[in-house]
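Use the sequences and the hints to build the structure in full.
Sequence order for the protein chains is A and B. Note that our numbering gives residue 354 to position 354 of the first sequence, counting from 1, and the numbers run on in steps of one. Note that our numbering gives residue 1156 to position 156 of the second sequence, counting from 1, and the numbers run on in steps of one.
Derived from the structure by calculation, the hints contain no laboratory data. Where a beta carbon is used, it is the ideal one built from N, C-alpha and C, also for glycine. Among the clues, some could well be false.
With a Cα cut of at most 30 angstroms, we get these calculated DSBU-like pairs of lysine-lysine [claimed, not checked]:
1. A:396 / B:1031
2. A:307 / A:534
3. B:1031 / A:394
Short, incomplete list of chain B residues facing chain A, as computed with Cβ under 10 angstroms [to be verified]:
4. 1057
5. 1060
6. 1082
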Amino acid sequence: MPKLTIDGIEIEVEPGLTVLQAAERLGIEIPRFCYHDRLSIAGNCRMCLVEVSPGPPKPSASCALPVAEGMVVKTDSPMVRKGRKGVMEFLLINHPLDCPICDQGGECDLQDQAMLYGLDRGRYHEEKRAVLDKDLGPLVKTCMTRCIQCTRCVRFSAEVAGVPDLGAVGRGEHMEITTYVGKAVGSELSGNLVDLCPVGALTSKPYAFSSRPWELRKTESVDVFDAIGCNIRVDVRGRRVMRVLPRINEDVNEEWISDKSRHAVDGLMAQRLDTPLVRRGGKLAPATWNEAFSAIADKLKGMPAEKIAALAGDMADCESMLALKDLMTALGSHNLDCRQDGAGLDPAQRASYLFNSTIAGIDEADVLLIVGSNPRWEAAVLNARIRKRYLTGKLKIAVVGPRINLTYRYEHLGDGPETLSKLADGTHPFVATMKAAERPMMILGMGALARPDGAVVLGAARRLATAALLVRDGWNGFNVLHTAAARVGGLDVGFVPGSGGLDTGAILEGASSGKIGFVYLLGADEIDMARLGKAFVVYQGSHGDAGANRADVVLPGAAYTEKNATYVNMEGRVQSTRTAVFPPGEAREDWTVIRALSGVLGKPLPYDDDAQMRARLVAANGVFAGRGGAPKAAPWGGFGETGEMDPAPFVSPIGNFYMTDPISRASATMAECTSVFVMGRQAQGTGTHG
Amino acid sequence: MSTQSSTYVPQPLSFAFTPAYREKAAAAIAKYPEGRQASACMALLDLAQRQEGWLSRAAMDHVAETLGMPPIRVYEVATFYTMYVLQPIGKHHVQVCTNLPCWLRGSDEILRACKDALGVSPGETTSDGLFTVNEVECAGTCVNAPMIQVGDDTYEDLDYESAKKVLEALKRGEKPKVGSQTGRQCSCPAGGPTTLKKVPGADVKGGA
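Written as structure tokens, this is what we have:
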């Protein structure tokens, strides 16, 4: 291991590291624009100059300089400072002085570093260059004259996003970052381009000119638009969520989030349920909480327990699901389900519904089989992680399911159950490949499980796990890829049919036939409302979507940015959202609504504050004690059913990445993304479009 | 100023190599090991330009597809090198070197000859579509400066008169003598040999 001295401090690091990385280990920050931890090294901005001896008597770019034995590095010598000042002066030659009207102002790398290395006046009196702006779609706004050509965006789109649309064309002074053909960047991760851009060349289009970073109140929270549980920061001004940015969590999302997580937040201000509603004369009319609760109480009076049912939606938090489950238990009903898509998951075996390898485990996997899933749309950030592993050349990927562009090459084994049966029997040649691998992984998607024969598919996958030796010492390669943030939490709190209880399919069946007379929808919007028949429907949630439209009583709840709530991600990691803003109008945190209703119904739940609620969660399932920590490995057992599988091919449940839930359906930005990326209608400039 | 998208160039809808060029392309690709086909990018772009006279978007896309590269990677290469021509040009691409050695030896006169013979300035194409004149950077024949390059041929040791003669000949559809226009061989001294006129120690007439 080479030993080198940086600013008089000796350090020993593994070979292959660059001087910049070694300095970072010592806490010495070297300014940079083009270098980024998660991208390949370009070495073109020259801001990271350091003085190195032995070596040529001139500064070297530390980001592209590998460490060597006996190196003596100075990161803050007069030569270094002079060199960086020179680089900064060159960078500023063509950079416009428009910080006052630039959205990056206040959080701009160039601005910050110009404070340290910039001259107080320019010596350049010739004409500056100006570059035409590019249309990169509805999310990324461009102001290309500000570009300093660090090429981070080019490398991100080619390496991380796997959508090589951006490039640097031309040379010298004429170099430009562009798609050349003027198309939108068709990636689900394009919002990250804005975070990566060290200057104001790429900024967020929906957020344009709306606020300054120092005006925002920042709250650390967790994303609920998919089941990854990306760590986010919610930036709020006044009562409005202005934007969502990723937080670094190496084990979950590294530092990326999907465009839906980032840009669907304008949906939080639209279609909100801000007062209780009661259906009178066929129309929903505003009511007080007491009126709404007594309408429910009247209906429930004398209703036999087996006619009562509850369904939880994809964004429900663990607290409210547990409270509702406790209430249903108190009412004597066992008809409850958190799997509104009818996924054939086995709640009794935790390992059967977790992403057991963990997301970070993808970095170790060497063979991956994806069954019935489109990770690119179901979990965009996770797909980027698969691609990252794929790019190392150490991951062999195969797919059973739809043939789609996943941004990496894979072997397509088949379309559906027929291939899965062969794999489960061990007669398919790919089983041998998995067996021979050191860290084989299977990802089982909702396209395979959310079907009437889901439990049988799960059984086949379980047999495949045995045949391919997916579970070995210290490694569990059996993974379920969820699409709903609430799903694992729901299964963990046991929001599933009790003994003799009905599941989603049976509840809907019962409601159509009249056997079920009362359905409580906790944010459940993805079911066929027509099948609820004549049942009395209570909808509790944040948005006026399909559920509220059908409901007889609407109870306004809080969205994920408005409550301190617990979510369990697909790995089984227990995380919390935090209140960034208060719920609008009369809306309240969801579990408190259920607690209040329980009092009116005469079955008060035994918890009155957050602490008691959380204690109840831990009592219900020990996994909730490990909040914030790494997910615990679940014991491996037998699960799934045997039987005949429907030969129909697996189809991903997500038809439109940009609209999957009540919040994103209410978002104007997501509507525009749908029109551009899904329908393929790219907005044309009108000439007055700014 | 902006390099691209500032001028509108009508683009053909499709491009495909003719069988002869396809063969050459295959030979270029075969020079590189499997999986490294992208290395043939510049060669294929050159072939496409030879076939069409210029590089259209469709041609670049075709090269990208042939080599399994993302199209943008091909655009990057094609826009980087000035020798790839991204808009239609005349039949003869008259490239006048105006770098230092040629300039010292009178490249201004050569440009004037182009203007007088063809009626166009650098960057322009004659109305009959026969000639496009451009100023280029060093084309590597400094010893015989000044020079112009037309297609693959160079015409060297020019002055106003000889340059005009070359252009007039091209205009008539003739093929002027390639190389030095003063008659010297390659880049030998202009007035004949100046050294090694005789073999030292032997009474033999020298000369190269």
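Evaluated hints:
no. : hint           : verdict
1   : A:396 / B:1031 : holds (29 angstroms)
2   : A:307 / A:534  : holds (12 angstroms)
3   : B:1031 / A:394 : holds (28 angstroms)
4   : 1057           : holds (7 angstroms)
5   : 1060           : holds (9 angstroms)
6   : 1082           : holds (8 angstroms)
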